[in-house]
Amino acid sequence: MNNVKDPVVVRFAPSPTGMLHVGNARTALFNWLFAKSTGGRFILRIEDTDCDRSTSEYTKMILDNIRWLGLSWDEGPGKGGDNGPYLQSERLVSYREKAEILIKEKKAYRCYCTQEELEIRKQEAVSQGKQPIYDGKCRNLTAEDIQKHDEKGSGYTVRFIVEPQELIVEDLIRGQVRFDLSLYGDFIIMKSNGYPSFHFAVALDDALMGVTHVIRGEDHLPNTPRHMLLFRSFGVITPQFGHLSMILGPDGQRLSKRHGVTSVDEYRQKGYPPQALVNYLALLGWSPGDGQELFSVEELINKFSLKGISKSASIFDPQKLDWVSSNYIHKEDPSDIAIHSIPFLQDAGIDYVDEDYVVKAMAVLKLSLITYSDVVQKGSFFWNKEYEFNDEAIEVLERCEVGKFIEVLLVNLKDWVEGSMPGEAVRNASLASGIKGKEIYHGIRAAITGMVSGPDLAGIVNTLGPERVQKRLKCVLQKFWMADKNES
RNA sequence: GACCCCGUCGUCCAGCCUGGUCUAGGACACAGGCCUUUCAAGCCUGGAACACGGGUUCGAAUCCCGUCGGGGUCGCCA
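Numbering (our numbering), first residue to last: -16 to 471.
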């Protein structure tokens, strides 16, 4: 096994057959944290051996999402390194050569069985109550048999020989796991299209790239014996394995589209700070043991340890993500929030006046934000001259007493030209109209924001300034109270 | 079906390895309250779990066995 002093080399190896999923993202994160916390290297490798489903668009997006999360790689696409190339489709020669060597060494053999034959024999096995594994038909083909097949031009796969035996996986997270290899059968390492199978490509690449720790999803645990066999046949040290439990949807089922947001990119588009997603994902299946839940990336690196990883599956909780995210934004400087939010304002086609104004608004808005995109809705009264009134606000404003109060307030506010709204004017208006407490603040808020809840009212008034506030009050008076009065 | 993994509040975790300090702790969510002459934020309080059954032991959430439940894998997908 590996010497403790050997530097850690880990990798994250997504296949570009879809978007980067939160489950994969957590796997990437744990690998990255493990590398960072041990001073090791983090390699990124793209497993694009599924010609039908892999696309370069997905590769691009996955890379982009990993970058967005802040998980920089030491070797990989766009970065280079001593163990490249980092796209499996560019490493075909090594797989083919190695497969030939394994055949020569009698550790693998050509298999001419067609998929149809395989399917039929599998059905037979199942109907007889046997394991549906490859029966080894082509294992002992003679040279003549092979020649005959080749003359016919039959395609073939290459299968790796699995001898029945017990194999023990020493899992970093799960401990000893025993497998009975008589249940496995000879598996394919080269497909008939000349591409390596997943098992072969992973094992060879991990061997060639000097990977010391393979941290991946639990769905790969049953594959691990195959990979270990392959490492042994290469004559290299087998890396250590650690299998992470799955992330499940709210219904306890495997994460899928119907659970709503599952891809990293969607969270990005929704305006979650990447650090918040990283923080939440770290919490899902890992704990520092001391109860801390909010971390900077540096703290995460310092505290991370394989020991803190839990064995049981965990359910993704969007509400807790929101909590982490809001905590993150609460601590951020208004100017930084502005930088991250402005793209959302622009996308919404909002004329936000100028950056200084946005920064000022963020200072009062930030406590209401869960994501950066929230600024559009939750701060709409900051950006739009023609802000909308929601039902609750209309209900408040349609009361005649509120109109009376606002009318008096406007008169009292005549000399107000700068700073915050004079408390004296409010008090006098309250006295004169007989309206007080809850009503007056509700009224002012509803009038100038169109909502009955939101950020600190004084802050809003301050940011909007005397001119805008008075104008809005006048408009509201016109719109709600005057109309009412005329009718009655 | 076979094999493998897992099983503490609704959810995420701590405790389990090295049995007693656990009348099981924290967080999210939920409920109530405080603060603010509004709402939000913040603060406080509350309800809420050791899957079940055996065994070992003076003593088990912690160790052992079984049952049940959930998940995973059985592809020329990865």
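Incorrect hints may appear among the rest.
[What the hints assert, rightly or not] Simulated pairs of lysine-lysine, DSS-like, Cα-Cα distance not exceeding 25 Å: (1) Lys457 <-> Lys387; (2) Lys419 <-> Lys387; (3) Lys303 <-> Lys240; (4) Lys314 <-> Lys361; (5) Lys174 <-> Lys253; (6) Lys397 <-> Lys314; (7) Lys419 <-> Lys343; (8) Lys457 <-> Lys361; (9) Lys120 <-> Lys90; (10) Lys421 <-> Lys19; (11) Lys294 <-> Lys314; (12) Lys89 <-> Lys120; (13) Lys290 <-> Lys314; (14) Lys368 <-> Lys387; (15) Lys105 <-> Lys87; (16) Lys105 <-> Lys174.
Note that these hints are calculated values from the structure, not bench results.
**Report entry** 25 Å limit on alpha-carbon distance, applied to hinted pair Lys421 and Lys19
**Finding:** With Cα atoms ~53 Å apart, Lys421 and Lys19 exceed 25 Å; violated.
Query raised in the report: Given the proposed pairing of Lys457 with Lys361, does the C-alpha separation stay at or below 25 Å?
Result: Between Lys457 and Lys361 the Cα gap is close to 23 Å, so the pair holds against 25 Å.
Query raised in the report: Has the given pair, Lys368 with Lys387, been kept, meaning a C-alpha gap of at most 25 Å?
Result: holds, 24 Å
Requested in this report: Could you grab the alpha-carbon distance between Lys120 and Lys90 and see if it respects the 25 Å cut-off?
Outcome: holds, 15 Å
Report task. Starting from Lys419, check that the Cα of Lys343 is at most 25 Å away, please. Result -> violated, 29 Å
**Report entry** Straight-line alpha-carbon gap Lys397 to Lys314, limit 25 Å
**Finding:** Since the Cα atoms of Lys397 and Lys314 sit roughly 38 Å apart, the hinted pair is violated (cutoff 25 Å).
Query raised in the report: Quick one, are Lys105 and Lys87 close enough, alpha carbons at most 25 Å?
Result: Violated, because 28 Å separates the two Cα atoms, which is more than 25 Å.
Query - Restraint check for Lys174 with Lys253, where alpha carbons must lie at most 25 Å apart - result: violated, 41 Å
Report task. Decide if the proposed pair is consistent with the structure: Lys290 and Lys314, CA atoms, cutoff 25 Å inclusive. Result -> Violated, at about 30 Å.
Query raised in the report: Within 25 Å, alpha carbon to alpha carbon, are Lys303 and Lys240?
Result: Distance ~20 Å between Lys303 and Lys240 Cα, so the pair holds.
**Report entry** Restraint check for Lys419 with Lys387, where alpha carbons must lie at most 25 Å apart
**Finding:** holds, 12 Å
Requested in this report: Could you grab the alpha-carbon distance between Lys294 and Lys314 and see if it respects the 25 Å cut-off?
Outcome: Violated. Lys294 to Lys314 sits at ~33 Å, over the 25 Å cutoff.
Hints 5, 6, 7, 10, 11, 13, 15 from the earlier list are contradicted by this structure; the remaining hints agree with it.
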